[in-house]
Structure formats: structure tokens, C-alpha cells
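Asks: Same order as they appear, the protein sequences are chains A and B.
First residue of the first sequence? That's 1 in my numbering, and the numbers climb one at a time after it.
First residue of the second sequence? That's 1001 in my numbering, and the numbers climb one at a time after it.
By construction, these hints were calculated from the structure, which means they are not laboratory data.
Some hints here could point you the wrong way.
One side only, chain A facing chain B, incomplete, derived with CB under 7 Å [unchecked claim]:
hint	residue
1	R29
2	S88
3	E97
4	R98
5	S103
6	G108
7	K119
8	G122
9	C131
10	G266
All C-beta atoms in this analysis are idealised placements derived from N, C-alpha and C, irrespective of residue type, glycine included.
Next come the chains, spelled out residue by residue.
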Amino acid sequence: MSDARTDDEADVDVFERPAGQETPDIGDRWVTLPSAGMLSIEDADALLRWRDASLVAVVGERKGGKTTLITEMYEQFVRGPFANCLFSHSLSLLGFERKSFQSRAESGASVPDTPRTSKQDGLSFFHLAVCGEDDLRRTDLLLSERAGEVYREVRDLPAGAAALTEVSKARTIVFIVDGERLADGKRRAEAISSVRNIARAIVESGAAVNAAEVQLVTTKSDLLQGSTADPAIEALALLEERFLTNYESRFASVTTHRTAARDPKGEMEAAYGLASLLRSWLAAPDPAVVGPAVVPNLVDEFDRLLKRKAA
Amino acid sequence: MDADFVIVGLPSSGKTTFLAALWHLVESEEDEECRLKLEAYEGDLVYLNQIAEAWRNFEEVPRTSQVGDVDVTMRLVDQVTGVKATASFPDLDGETFNAQIDDRRCRRKFLDDVVADDGLLLFVSSNVKGNGLSVVELNKMLPADIESEQAQDGNADDQLGSTDDDEPSVAEKTAAESGATGYAEWEPKLVPPQVRIVQLLSDLLRGPFEPRQRRLAVIISAWDLTRGMTLSPREWLAVQMPLVDQFLRTNGASFVNEVYGVSAQGVDLNDHAAVDQATTLQASHRILIVGPEGEGHDLTAPLVWLMARE
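Based on the sequences and whatever the hints tell you, model everything.
Replies: Given below as C-alpha cells:
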């Protein structure tokens, strides 16, 4: 037997469907199987009742590269181990496939692209479980997928940030800086303003937990190469510096990353910056274990009885 | 003892050819090395004899889709341990496994079989195509003159179908500059084989299937096509189907697995010279199997491994 694990008799990893969600039959011959597309909020809840998963909220305006950032991580696993990790499981495997398709030669496209996420799709999630190459320790990630228009609205109506479920549950909040807009002198100031406004709305709404890690992630860094990109790089460096200064005292961790998930011209290394980004998501602090537990004041007889029993 | 095996595999993955060669092997008793022998010659043997006849005559073995789903049963005895076993192999049309991906439904019979299985035989064709090559990778492989030819064809402005009314994305702009052709619409049938296989196995980890530890023998069929690669079957899996390899490495608690390379047909039936040469061999010696214990003709090795209790 060449199985890598030594604890074969250990718990079998299963996803038990909650009561009331039994699979319906189709006639006598066929049985319906659970969806393998994007996870709804209910699906994500069911997953979290089954096992611990770290939620990553990817936040930014449309066309910033949010979906591409995630699907290109999946695409790396399709090619082999990535970021010292092995692919283990995904409840949204066909969701990854659908969103990756336009980057594949099979699509017939000569330039890779990613389908737009519609506002009507609401909030959904990718599920990606990976194991460390050395210890096979598994970590589950839930990666948020929401149309950029919603985050644009938060800029205009900051109170709406409080309703962003993915943000309030996230262990990692990723604020996307669109490298393409940054590279364009005419759109640079607005690109910076966008991420500044969205981050501010979210932080000041109190939606994000202090135990979270917040990240400033620049996408499409392939467009920030060469001397002509110097003004953009300078502006980005200043934005990163201010981001760190503004939030380092408010969150468990504050980091900045520069990525090029998929350079269409193929000049920059594939998935540039994604390995370290993925590793940071896997190492995100668990808010549940951060800080001492608050012990309620024990006042009545039942409380005292409980205390005596515990002693 | 009874041993109910479940066969899983996409269309044309070599399931029926394996059964045909296996039946010939155990029934003919030609090969002394063969560990499992036929214990009793009884029951309905029409299907087994039909596919084995085609196999012996160097003809294409009829696909399950042509004859319908068939349950095959063989009464076998282990020459080493003396243990007798009734081995059952439900031979399902590969299209039913495609339906599991494309339509998210499975045959009730498959569900029932998996509940009672004593081991899974997963068939994977070594003749895999389209495992997720990216547009960027393809473009790098193309000679420069073909890329420029591509750039002269088509009219991207009409075909990209962008619904946005503001600035186009880099992809759209680059596509427009290069004259890119439009996209094909995604549909589940375009999911690459290795992802389909991972989905088939992943389905067994959740309802309505009964999640538990299973023994899984991965059979890489048409192994003769890989000979130039000098890879072991497990190495081949890591190189050609890395997602499947990673899935198996990280799900050992659910799938205790072993990987075999099998050439059950033994020869390309379109290669007349090779067929002529193969006729000089004992029929059982057309079979090639490569596993953890080396190379041989004993096609029963994966069954012996599946039946082993550790």
C-alpha cells in the first residue's frame, strides 16, 4: 500500500448533509446529487457546521481581478502542488471550472479572460481545501465571490458595509487595488480613492472583527513594469504605507501584496505573488482563539452550582 | 466470501476490455502466475463470452453503451490462500458517469452498489487529452508567425460580447488588438478528464453516498501508450493527472489506494503488423500489468489487493 497517511483508521472525512436536505430521487433509476457549483450562504453555513473553514473576503470594485486572483490559484493546483500545498477537496469544483474556462485554450479564446460576476448572483463562495505537502494537515478556505458593484455602492453609502456578511465573518479581508487602473495616469487617483473609501467604510462601520488580518492586494502587477510605471509604483508605495499605518493598530495583522495572477502576454511568471498570498490565508488567525475568553459574572445559585461542579 | 467490486470510469477508459481479458485469463488457466482462478463455471456467461470472444479475435470489445449495463459475476479462488470469492462487477456505461458531472445525477443502481462495495476499480485512460491547457500556455507554444496570423483573423469588437459601457479590461483590449476570436460557452461537458475523476471521487465523500473508508485500485488503461515515458503508474498519475494524484494523496483516510498500469488489449488493433506479431503469443501474454510488485500478466493482482484486509 502506498497511501501517504499512516492514520487510515482515523476519522473518515465526510460531509454529512443536514437533516431536511436529503437528496430527492428522480424516478426509480436516477438520484440527484448535490450541486458542485458555487456555494450559497446556506451551503457555506452547512460547511462550517461540518468543519472549521477560514473565510477570506475579497473586496473591490468591478474588473479589479478579484475572481481571477482566486481561479488562478485553483489553476495552479490543476497543474500540480502549489505554495507547498496539495489540493485536497472542493465542494465548488464545477464553480472553479466555470469561472476558469475563459482562460483555457479549450475556450477558443486567444486572450484569457474571466467571466464577470453579476450583482444578481449575490454573495457566493468558492471552497478550497488544501493540505501541507509535508504534514498533510488540511485547511479549508471559503473565498467570497461578489460583484464589484456592491462594493462601489458601499463607497457611496458607507452604512451598507455593516450588511456585508462576508466581511463580518472573515478571518482575512483582502482589499483589491486594480493594477490596471493604477497604471493609467488618468484613472490612478480614482483607483486609489476607491480602495481607500471602501476600506474606510468597512473599518468605520465596525463590520470587520479586530482579530482579522487585513490585506492590501495589488492585482495585474504585470502592468506596473518598466520605467513608465514609476509614477504608478510611487503612488502604490505611498498607498501601501498609509494602509499599514492606518490599520496596524486596529487589526491582528496588516499586510500588503503585489500579484500578477495571469499576465495575458505571458511575460511575467504565472501566478506571480499568489503562493505567498495563499499561504497567508492558510495561516490567518482564528478569531475564536484570539484573546482571553470573557467569563460571565456568576450570581445565582445555579451559577454557583456550576462553578462548584467545575471545580 | 463475497467480493462486490464497483467499476468507475469515464467512457472509453478500458473497463470492458479489462473484464474481457480478465475473463479469458481466469477461465483459460493459461497463465501459471495468475493468482485467482475460476472456481466454478456456471451462471449466465453470455456477456462475458461475448466480450472475451471479441478480445481473443483482436476485435474491438463492444462498449457497454452498445449492449446496455451488465452485472458480471465470477466465482474465483485464491491459489495462495485458498479463499473462495464470488466477485461481482457491475459494468455500467461510462456515459452514466458523465451524467454524474454534467447533470449532477447518478444511477440508483450505482448508489446501491457503492453502499455495498468491497473495493472500487477506477479506470483512467492513459490517452488523455485536454487537461486544462491555458490560453497563455498555448500562445507560448505557437510559433510567432501563427500568432500573427491569428491577429489578422476575426473581429474582436463584434465577438467579445462585452456588456460594459465603460473602459474595457486588459483582456478585452488585448483581444481587440490581436483580433481575438470569441469564446465558446462553458458547459459541464468541457470539464477536463482529471477534474471529472476528482468530482466522481469527491461525490463519494458526501450524501447520498455513504462516506466511509474504501479501497481504491486505480487502473491506468492503454498502458502500452506510456512506455516511452519510463514512469511508474503512480508517477504517471502525478505528471498527467496532478489533481487526481493530489486528491488521492490527501484523502488517504477515505481512499486507501494503489495504482496499476494495464494494457489489457495488448496491442493497437489498427496496427496490423503489431497484431500479426501478437498472434504468435499465448493470448494471456498479450496482457501487461504494472503495479507495485513489478510487471507481469496477472490481471487479477488489483482484485487480490482489493480483497486484502489489513
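Asks: Run every hint past the structure and note whether it holds.
Replies: Comparing the hints with the structure gives:
1. R29: holds, 6 Å
2. S88: Holds: closest Cβ of chain B sits about 4 Å from S88(A), inside 7 Å.
3. E97: This hint holds: E97(A) lies near chain B, its Cβ roughly 5 Å from the closest one there, short of 7 Å.
4. R98: Status holds, d = 5 Å.
5. S103: Since the shortest Cβ distance to chain B is 6 Å, the answer is holds.
6. G108: holds, 5 Å
7. K119: violated, 12 Å
8. G122: violated, 19 Å
9. C131: Hint holds; C131(A) Cβ to chain B Cβ min 4 Å, cut 7 Å.
10. G266: This interface hint holds because 4 Å falls under the 7 Å limit.
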